[in-house]
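Residue numbers (my numbering), protein chains in the order written: chain A, 4 to 293; chain B, 17 to 172.
These are computed hints drawn from the structure, not numbers from a lab. Treat the hints with caution; some may be incorrect.
[Said to hold, decoys possible] Here are the simulated lysine-lysine pairs, DSS-like style, with alpha carbons at most 30 angstroms apart:
id : chain 1 : residue 1 : chain 2 : residue 2
1  : B       : Lys137    : A       : Lys93
2  : A       : Lys209    : A       : Lys93
3  : B       : Lys133    : A       : Lys192
4  : A       : Lys32     : B       : Lys21
5  : B       : Lys133    : A       : Lys67
6  : B       : Lys170    : B       : Lys133
7  : A       : Lys93     : A       : Lys210
8  : A       : Lys240    : A       : Lys192
9  : A       : Lys32     : A       : Lys154
10 : A       : Lys192    : B       : Lys21
11 : A       : Lys93     : B       : Lys133
12 : A       : Lys67     : A       : Lys93
13 : B       : Lys21     : A       : Lys45
14 : A       : Lys210    : A       : Lys240
15 : A       : Lys192    : B       : Lys137
[Unchecked claim] Derived list of chain B stretches under chain A, where covered just means 3 residues or more per stretch with a C-beta under 8 angstroms from a C-beta of chain A:
id : stretch
16 : 111-120
17 : 145-155
No residue lacks a Cβ here, since even glycine has one placed at the ideal position from N, Cα and C.
Residue strings, one per chain:
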Amino acid sequence: MIPSSFDYHAPGTLAEAVSLLDRHGEEAKVLAGGQSLLPLLKLRLGQAAHLVDIGRIPGLAYIKEEGGSLRIGAATVEAALERSDLIRSKYPILLETALVIADPLVRNRATVGGNLAHGDPANDHPATMLALGAEIVARGPGGERTIPIAKFFTGLFTTALAPNEILTEIRIPVPPSGSGGAYEKLERKVGDFATAGAAAHVTLGKKGEVERAGIGLTNAGPTPVKAREAEDYLRGKKPDGATIAEAARLAARAAAPTADRRGSVEYKREMARVLAARALRRAVQRAGGR
Amino acid sequence: MAAHKIRVTVNGTLHEVEVESRLLLVHLLRDVLRLTGTHIGCDTTHCGACTVLLDGEAVKSCTVLAVQADGRQLMTVEGLEQDGRLHPIQEGFWQEHGLQCGFCTPGMLMTSYALLKRNPKPSETEIRQAISGNLCRCTGYVNIVKAVQYAAAKQQ
Numbered sequence: 004m005i006p007s008s009f010d011y012h013a014p015g016t017l018a019e020a021v022s023l024l025d026r027h028g029e030e031a032k033v034l035a036g037g038q039s040l041l042p043l044l045k046l047r048l049g050q051a052a053h054l055v056d057i058g059r060i061p062g063l064a065y066i067k068e069e070g071g072s073l074r075i076g077a078a079t080v081e082a083a084l085e086r087s088d089l090i091r092s093k094y095p096i097l098l099e100t101a102l103v104i105a106d107p108l109v110r111n112r113a114t115v116g117g118n119l120a121h122g123d124p125a126n127d128h129p130a131t132m133l134a135l136g137a138e139i140v141a142r143g144p145g146g147e148r149t150i151p152i153a154k155f156f157t158g159l160f161t162t163a164l165a166p167n168e169i170l171t172e173i174r175i176p177v178p179p180s181g182s183g184g185a186y187e188k189l190e191r192k193v194g195d196f197a198t199a200g201a202a203a204h205v206t207l208g209k210k211g212e213v214e215r216a217g218i219g220l221t222n223a224g225p226t227p228v229k230a231r232e233a234e235d236y237l238r239g240k241k242p243d244g245a246t247i248a249e250a251a252r253l254a255a256r257a258a259a260p261t262a263d264r265r266g267s268v269e270y271k272r273e274m275a276r277v278l279a280a281r282a283l284r285r286a287v288q289r290a291g292g293r
Numbered sequence: 017m018a019a020h021k022i023r024v025t026v027n028g029t030l031h032e033v034e035v036e037s038r039l040l041l042v043h044l045l046r047d048v049l050r051l052t053g054t055h056i057g058c059d060t061t062h063c064g065a066c067t068v069l070l071d072g073e074a075v076k077s078c079t080v081l082a083v084q085a086d087g088r089q090l091m092t093v094e095g096l097e098q099d100g101r102l103h104p105i106q107e108g109f110w111q112e113h114g115l116q117c118g119f120c121t122p123g124m125l126m127t128s129y130a131l132l133k134r135n136p137k138p139s140e141t142e143i144r145q146a147i148s149g150n151l152c153r154c155t156g157y158v159n160i161v162k163a164v165q166y167a168a169a170k171q172q
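Given these sequences and hints, build the entire structure.
Here it is as structure tokens:
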């Protein structure tokens, strides 16, 4: 399968890339690793008259802690997350997420920024970033702005990014001590999109009570789902078995999956509940509770 | 419109070609450069038959544009054998009967090659994880794992 014709642009700087997007508007798409975009173009599910390849812009791939945030450059490939000592030692939730995205060959090309900017509710990073309370940094003609992740996903394959904006960085607040997170995904086989998936991140206070809880669900509706009701329920409570079970039940209530070959609505919602409970249990363990 | 002059080094040889922007890397290799060892399987980023190395990383060449490879180094299955001698990874697939129909083999070889470069002594689990994006529909995975282990031992 060959995509329909388009013009390919390989800008050397972000400013150049933004001005190309500004010039071509809705006709242009950003190409990063291409592991979502190229299959879409090949299957003719999507079309673009112009592809702006940001893969040749230096300085867009990095993983570092700076200014109280973990900063991930948009063009960082998933394989780099897997190999990063910082991620492996301090952010197991991100490692777990990267390891279940597609397969190792795709992860050598697929980027973290692309996984988010694509706006696909079946992608895995959105749930994790919702749990972690990340911020998206975007660059447009007017300069840079940050978008809280909870306001980033606006519809199916749609984000808060304007057509002339490029996602440049993901910022995650460095979790205080007493924090932990985990990602759980149910898939039929390696490389499949999630039947259901849940990310949980918690910070425990001195008495072992939940100070902050973040819960995100994968493939549970037209956009990635932030399970607010469950998050609010957990705050101030000791995360024992019964509390986690109730939080997971509330999280599953936020899920609005559709039936397909991966399962019925009832099955997927039940799996969201089970996975949310597992993710919460492991997050609490990693946070040092029990 | 949409034509680009690109320079790619494939198995050590520099090629300068003019390509359409929508040309996929696998078609550049097979149809333009006539390196037909790289197979097209599913053409949908699943099967890994088209795996080649792009700057040393194993990638699915059905999901990379030829223009994205401009200025970069490629290695295909044709680059494994040197002076008529099989590479240890090829020898492993031969000795351990790591193929039946052979369709997935070029991709399996390239993924295994990249694995052993990064991790010369992989465990069985690491081998299975590394080839999890390469599908063998003869389901000959047991012997494929043995073949990679053979090559790892031979390269020690």
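Evaluated hints:
1. The straight-line distance between the Cα atoms of B/Lys137 and A/Lys93 is roughly 26 angstroms, inside the 30 angstroms bound, and the hint therefore holds.
2. Between A/Lys209 and A/Lys93 the alpha-carbon distance is near 20 angstroms, which keeps this suggested pair within the 30 angstroms criterion.
3. With a C-alpha separation of about 27 angstroms, the suggested pair B/Lys133 and A/Lys192 falls inside the 30 angstroms cut-off, and the hint holds.
4. Using a Cα cut-off of 30 angstroms, the hinted pair A/Lys32 and B/Lys21 holds, with the two alpha carbons roughly 22 angstroms apart.
5. Restraint check for B/Lys133 and A/Lys67: the C-alpha separation of about 26 angstroms stays at or below 30 angstroms, so the hint holds.
6. A distance of roughly 13 angstroms separates the Cα atoms of B/Lys170 and B/Lys133; the hinted pair therefore holds under the 30 angstroms criterion.
7. This hinted pair checks out: A/Lys93 and A/Lys210 have alpha carbons roughly 23 angstroms apart, not beyond 30 angstroms.
8. Of the pairs offered as hints, the one joining A/Lys240 and A/Lys192 is violated, with about 37 angstroms between alpha carbons and a cut-off of 30 angstroms exceeded.
9. Our distance criterion of 30 angstroms between C-alpha atoms is met by A/Lys32 and A/Lys154, whose separation comes to about 21 angstroms.
10. Between A/Lys192 and B/Lys21 the alpha-carbon distance is near 40 angstroms, which puts this suggested pair outside the 30 angstroms criterion.
11. At roughly 27 angstroms between alpha-carbon atoms, A/Lys93 and B/Lys133 fall within 30 angstroms of each other, so this suggested pair holds.
12. Distance check on the hinted pair: A/Lys67 and A/Lys93 sit about 12 angstroms apart at the alpha-carbon level, within 30 angstroms; holds.
13. For the proposed pair B/Lys21 and A/Lys45, the alpha carbon gap of about 22 angstroms is at most 30 angstroms, so the pair holds.
14. For the hint pairing A/Lys210 with A/Lys240, the CA-to-CA distance comes to about 10 angstroms; that is within 30 angstroms, so the pair holds.
15. About 26 angstroms separates the Cα atoms of A/Lys192 and B/Lys137, which keeps this hinted pair within 30 angstroms; it holds.
16. With 0 residues having a beta carbon nearer than 8 angstroms to a beta carbon of chain A, the stretch 111-120 of chain B misses the requirement of three or more and the stated coverage is violated.
17. Coverage of the stretch 145-155 of chain B by chain A holds. Counting CB-CB distances below 8 angstroms, 5 residues qualify, and the rule asks for three or more.
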